[in-house]
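Q: Given the coordinates of chain H, work out where chains P, Z and X with the ligands should sit on it, guided by the hints.
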Amino acid sequence: MTLAPFGRRLAPLVENRRIGAYQLLIVDDPDGPRDPQPGQFYMLATEERWGAGEGERPYLPRAFSFARAREGRLWFLLEDIGPGTHRLAQVGEGENLWITGPLGIGFDEPAGRPLLVGGGIGAAPLLCLQDQLGPETKVLLGFRSADHAEAANLFAGEPQIATDDGSVGKHALVTELLREELDLRPPTSGLRPTVYSCGPPPMLEAVRALASERGVAAQLALESGMACGFGACFGCVVPTKDGYVRLCVDGPVLDAADLVPGGVGH
Amino acid sequence: MTLAPFGRRLAPLVENRRIGAYQLLIVDDPDGPRDPQPGQFYMLATEERWGAGEGERPYLPRAFSFARAREGRLWFLLEDIGPGTHRLAQVGEGENLWITGPLGIGFDEPAGRPLLVGGGIGAAPLLCLQDQLGPETKVLLGFRSADHAEAANLFAGEPQIATDDGSVGKHALVTELLREELDLRPPTSGLRPTVYSCGPPPMLEAVRALASERGVAAQLALESGMACGFGACFGCVVPTKDGYVRLCVDGPVLDAADLVPGGVGH
Amino acid sequence: MVDLCGVQLRGPVLNGSGTYDAIAARRAFGDELLERFPFDCFVSKTITLAPRQGNPPPRLWETPAGLINSIGLPNKGLAGFLAEDLPKLAELPVPLCVSVMGFDHDELNELVATVGACDEVALMELNFSCPNVETGLIMGADPAETAAAVEALRPLTQKPLIVKLTPNATEPAAVARAAEAAGADGVSLINTLKGMALDPKTHEPWLGGTTGGVSGPAVRAIALEQVHSVSKAVQLPVIGMGGIASGRDAADFLTAGATCVAVGTESFRDPAAGARIGAELRALSRKEREFSSGAVR
Amino acid sequence: MVDLCGVQLRGPVLNGSGTYDAIAARRAFGDELLERFPFDCFVSKTITLAPRQGNPPPRLWETPAGLINSIGLPNKGLAGFLAEDLPKLAELPVPLCVSVMGFDHDELNELVATVGACDEVALMELNFSCPNVETGLIMGADPAETAAAVEALRPLTQKPLIVKLTPNATEPAAVARAAEAAGADGVSLINTLKGMALDPKTHEPWLGGTTGGVSGPAVRAIALEQVHSVSKAVQLPVIGMGGIASGRDAADFLTAGATCVAVGTESFRDPAAGARIGAELRALSRKEREFSSGAVR
Ligand SMILES: Cc1cc2nc3c(=O)[nH]c(=O)nc-3n(C[C@H](O)[C@H](O)[C@H](O)COP(=O)(O)OP(=O)(O)OC[C@H]3O[C@@H](n4cnc5c(N)ncnc54)[C@H](O)[C@@H]3O)c2cc1C
Ligand SMILES: Cc1cc2nc3c(=O)[nH]c(=O)nc-3n(C[C@H](O)[C@H](O)[C@H](O)COP(=O)(O)OP(=O)(O)OC[C@H]3O[C@@H](n4cnc5c(N)ncnc54)[C@H](O)[C@@H]3O)c2cc1C
Ligand SMILES: Cc1cc2nc3c(=O)[nH]c(=O)nc-3n(C[C@H](O)[C@H](O)[C@H](O)COP(=O)(O)O)c2cc1C
Ligand SMILES: Cc1cc2nc3c(=O)[nH]c(=O)nc-3n(C[C@H](O)[C@H](O)[C@H](O)COP(=O)(O)O)c2cc1C
Ligand code: FES
Ligand code: FES
Chain H
44 MTLAPFGRRL
54 APLVENRRIG
64 AYQLLIVDDP
74 DGPRDPQPGQ
84 FYMLATEERW
94 GAGEGERPYL
104 PRAFSFARAR
114 EGRLWFLLED
124 IGPGTHRLAQ
134 VGEGENLWIT
144 GPLGIGFDEP
154 AGRPLLVGGG
164 IGAAPLLCLQ
174 DQLGPETKVL
184 LGFRSADHAE
194 AANLFAGEPQ
204 IATDDGSVGK
214 HALVTELLRE
224 ELDLRPPTSG
234 LRPTVYSCGP
244 PPMLEAVRAL
254 ASERGVAAQL
264 ALESGMACGF
274 GACFGCVVPT
284 KDGYVRLCVD
294 GPVLDAADLV
304 PGGVGH
Chain P
44 MTLAPFGRRL
54 APLVENRRIG
64 AYQLLIVDDP
74 DGPRDPQPGQ
84 FYMLATEERW
94 GAGEGERPYL
104 PRAFSFARAR
114 EGRLWFLLED
124 IGPGTHRLAQ
134 VGEGENLWIT
144 GPLGIGFDEP
154 AGRPLLVGGG
164 IGAAPLLCLQ
174 DQLGPETKVL
184 LGFRSADHAE
194 AANLFAGEPQ
204 IATDDGSVGK
214 HALVTELLRE
224 ELDLRPPTSG
234 LRPTVYSCGP
244 PPMLEAVRAL
254 ASERGVAAQL
264 ALESGMACGF
274 GACFGCVVPT
284 KDGYVRLCVD
294 GPVLDAADLV
304 PGGVGH
Chain Z
64 MVDLCGVQLR
74 GPVLNGSGTY
84 DAIAARRAFG
94 DELLERFPFD
104 CFVSKTITLA
114 PRQGNPPPRL
124 WETPAGLINS
134 IGLPNKGLAG
144 FLAEDLPKLA
154 ELPVPLCVSV
164 MGFDHDELNE
174 LVATVGACDE
184 VALMELNFSC
194 PNVETGLIMG
204 ADPAETAAAV
214 EALRPLTQKP
224 LIVKLTPNAT
234 EPAAVARAAE
244 AAGADGVSLI
254 NTLKGMALDP
264 KTHEPWLGGT
274 TGGVSGPAVR
284 AIALEQVHSV
294 SKAVQLPVIG
304 MGGIASGRDA
314 ADFLTAGATC
324 VAVGTESFRD
334 PAAGARIGAE
344 LRALSRKERE
354 FSSGAVR
Chain X
64 MVDLCGVQLR
74 GPVLNGSGTY
84 DAIAARRAFG
94 DELLERFPFD
104 CFVSKTITLA
114 PRQGNPPPRL
124 WETPAGLINS
134 IGLPNKGLAG
144 FLAEDLPKLA
154 ELPVPLCVSV
164 MGFDHDELNE
174 LVATVGACDE
184 VALMELNFSC
194 PNVETGLIMG
204 ADPAETAAAV
214 EALRPLTQKP
224 LIVKLTPNAT
234 EPAAVARAAE
244 AAGADGVSLI
254 NTLKGMALDP
264 KTHEPWLGGT
274 TGGVSGPAVR
284 AIALEQVHSV
294 SKAVQLPVIG
304 MGGIASGRDA
314 ADFLTAGATC
324 VAVGTESFRD
334 PAAGARIGAE
344 LRALSRKERE
354 FSSGAVR
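Residue numbers (our numbering), protein chains in the order written: chain H, 44 to 309; chain P, 44 to 309; chain Z, 64 to 360; chain X, 64 to 360.
So here's chain H without its partners, still in its complex pose:
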């Protein structure tokens, strides 16, 4: 886990590019640490006019996994789903972002054969994980459609793709790719696989159930509504076998074995 510099800092936008259905934001973060851990996240807001969109929001910063950290630059991949992501998606070059981070606990150092399983925008933290683990790392990605699946091009090698509408890759859910992969190379053969996954709650729930069924270790990067990102508000809790934990300081990556069925977040 990499510590964050204390407080928020300004990071100029270097690039804001559309990648299919998503938006890629690259910011300069010379004062931040060079080695955030995959699965850690940053709280982002714009320096100017953060807020007063539809319904007078956003007001609080928003949480984003970094998708890549290179030469003092941070990559974020985001999906425009509400006032905060909408404003961020529109940030122009020359504008600054307020950033705090890296925050939270990312993926554990991999033991065994890593299997990266992403759904939609959940691909973001898997990109830097693949950067770390090497281009040969197996990546399975599920998307709604071809437009969303363009994000797969950011990955090295040949990620396996499933889409909801069959427009690219297999016409299936990504958990089906995972099931096939586990069937093909069962945990009993060779190096034991460890699943690293991020995606929407139903997908993570399916990954959790599948991993538990097959006796495979799985680390899941969860989401929940966050106000602060550094443990201050106690707002981001998810239920675990040990009770509620704050996802921002005890996660966002949790061991699937610690989760209660159905508890992967709202």
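Do not take every clue at face value.
Facing chain X, from chain H, some residues (calculated, C-beta under 7 angstroms) [as the list claims (entries may be wrong)]:
hint	residue
1	A47
2	R51
3	P55
4	V57
5	Y102
6	F198
7	A199
8	G274
9	C276
10	Y287
11	V288
Honestly, the hints are just simulated from the structure, not real lab data. Please read all numbers here as calculations on a predicted model, not as lab measurements. We treat Cβ as the ideally placed atom computed from N, Cα and C, and that holds for glycine.
A: Same frame as chain H, now just chains P, Z and X with the ligands:
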């Protein structure tokens, strides 16, 4: 008095140009009336990201005299003094403004020899008044400095200028120009003058006092904090000899004779 | 159609008292105002027995997503209202609700009896909750005081009496229950929350009235909670308001138990906001189950 | 230096209870947190006698310029706090104020006596005002109940006792006066205002706890008014809070009569907000006359 179409409407920005210390905004208003009366005003806000500047404001629309109305286009001259004017000053081409108006009661049809006396951004409503009265209309303008005085170039003929720092025109207050003008052509000689004036409260107070001293009619375009601009909130009152009146529906132009000394607004 | 205390309205969107002067708006917008009248029932600014000038300016202060006002109920008084305003308000295409406030019981009695006798008036609202004049707040926060006032007024008119509750109370639901028991026909809430701001230059209170009342989106969540708890506490129809700026907001208040909603500060941003909110609400109603059932109970 | 109930602070900026977990923040930011500690006195999250899980999620809802939370006082309980948290909080470079809440008088007595006996603790705050658990609100809105509680607690410790007032009361100044008469050493306000939001999709209450408390700039004007009226009513030092986001805001609260200010929700936007606000305040103080005089009285 020209009626406003009911409700607010979107008006695309056509031009946003710096004029010295001020900003000139020109918007397209094809659905608005062609003949707003000088002294009437519009309530303006931006369509997107109105608000959440410094201190999470602006929230309400802001009042602006139109400075010119030509071929379905409205000119506004504004001074960036707070979150609302700051946001408006930054509006880019292609963005829309929300506009409501024309509102309020403007200057009366001129009787006698018109004398236009403006201070600072108060020049705005005098510009369209000169457009209406003709280029030969006498205009006296006071500004803080040469930078502000650039607005005088918008006027026809040769407006007389006074600046606080003497950088352009006479090193004086505009009320001194008015006093000289009245001394030169006293009300008793030829056509009686009528003063049409807009500017900061201390200037208007001086104009009021001078007009009253010389027995000259004066119409003053006042300002006060407005929330609605159409008489709904009762917030914009100024004291008159008849008690408080709502500046947005009973003004913004008031007859100097109706004002109480010191009552030209906060 | 919406039934509000027996009065049939073409829809559920009212204006908040004191946030729309239909007479002044008609001067600004002409008869287009009547053709496209934004509310389904018009609520007058609160009137008092004697004329009032209102509080000294400045009367307004913008807050983050809101507004503080210290207007202080300027009005022509009962006689002036009846002579000058009532005939003009009678020309509006919707039923009229007149809001009244008294500084003592005698004043209130006279206001209710006189206004209640006017054919032009469909409903009356009792403003027990203005934060900007001395009396309103105290009465409206106290269940017993509220009950006593309503009991005294109830026999004086046949017209429905709606009690406007203050949000500056420990338990608005208790006040609402007291009003119901005393014979009120409806309750409306919230009025503004007490607030204050200092002049950034002089550091003295900005508002001429020192303190004021906060309204707008900033107070919406507070209003929704109060509307919900009051709706649970009484059988009476509830008029919900406080920061409503969209059909979605209005739908939330109806879902929380309100029968009607009122739009206040949002009209300052758009004189036709009431109509927009009504239209958005109709569009939502078609998509969602019937709101007026007060689903969240 | 600022004197808060006899405790010397290097400045007037505290955190609002429950809005900063210095232990978690140290995990995130390391010892840089201690080197640049943003507050002049640290207030713990409210602790209760027994451990609490807190309310079910979702616990947060963003509002225009604000936040509703329904956290529900999750904490390790008194024993867990003393064993695990207190030693770590003692490492902070500023005095410690521990916030406590009891579900009955016995619980409160035990909390105050035990915490009051800890050398690490400089002050205690009595949270009579949490809107998210059943008991707090009722006690804190009632002057007599507040007085009874403070009277019983006063003899149990030598440490200063600060009563945290609820804004959900008809007259916070009356509660403050009662607390003063009963022996409280200070009052703090405002806690959050009761609020509610519906899920835009299901139209059910969004928050796991159904209702929550509103904080942030949206409530600032309301808070300032209450701080002003409470400051006028009591001689006690007042800790003012509610939407403070800048040195200007903090200065306004001090001008309105507060001795100290607390920063809550703004820390969520910037973990170092307390330090920025403190610095802005110092810059202003140099320009303006002394704030702590409580100019607006
Ligand atoms: C650790 C972590 C990492 C993340 N990484 C990424 C990433 O890499 N890329 C990415 O695109 N996203 C990421 N997210 C998700 C991202 O934070 C959200 O998409 C973002 O906060 C949405 O903000 P918004 O303002 O656009 O939408 P909002 O409207 O704030 O949120 C969208 C949804 O949240 C709910 N909601 C919560 N509060 C409210 C409210 N007050 N009003 C309305 N709806 C509300 C609703 O269900 C709504 O549909 C991550 C989240 C976490 C916690
Ligand atoms: C009829 C009329 C016509 C006008 N015509 C023009 C024009 O043609 N051109 C032009 O430039 N201006 C014009 N104005 C003035 C213009 O409306 C104001 O400059 C504008 O509203 C300022 O808004 P702001 O957000 O930039 O600044 P604000 O900060 O809103 O206002 C600036 C000043 O207003 C006071 N104020 C009021 N409320 C607050 C608050 N909540 N917080 C802080 N300060 C507050 C303060 O003294 C502050 O310094 C006109 C005003 C009126 C009434
Ligand atoms: C400028 C202004 C004046 C008001 N005057 C009155 C009034 O005269 N009588 C009354 O009962 N309420 C009055 N109110 C309160 C509103 O009717 C309404 O209860 C409150 O503003 C909350 O709704 P909103 O947030 O939609 O504005 C006034 C509110 C504002 C903003
Ligand atoms: C997430 C959250 C948790 C809170 N928890 C507590 C608490 O445990 N005890 C308490 O006395 N106040 C609690 N509060 C109230 C704050 O201390 C403060 O009174 C309030 O938020 C107003 O200040 P602000 O607007 O600066 O946040 C909490 C507030 C928030 C937002
Ligand atoms: S987001 Fe505030 S504690 Fe996790
Ligand atoms: S600005 Fe609202 S009445 Fe004039």
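Q: For every hint, state whether the structure bears it out.
A: Taking the hints in turn, this is what the structure says about them:
no.	hint	verdict
1	A47	holds (6 angstroms)
2	R51	holds (5 angstroms)
3	P55	violated (18 angstroms)
4	V57	violated (22 angstroms)
5	Y102	holds (5 angstroms)
6	F198	violated (29 angstroms)
7	A199	violated (31 angstroms)
8	G274	holds (3 angstroms)
9	C276	holds (6 angstroms)
10	Y287	holds (6 angstroms)
11	V288	violated (10 angstroms)
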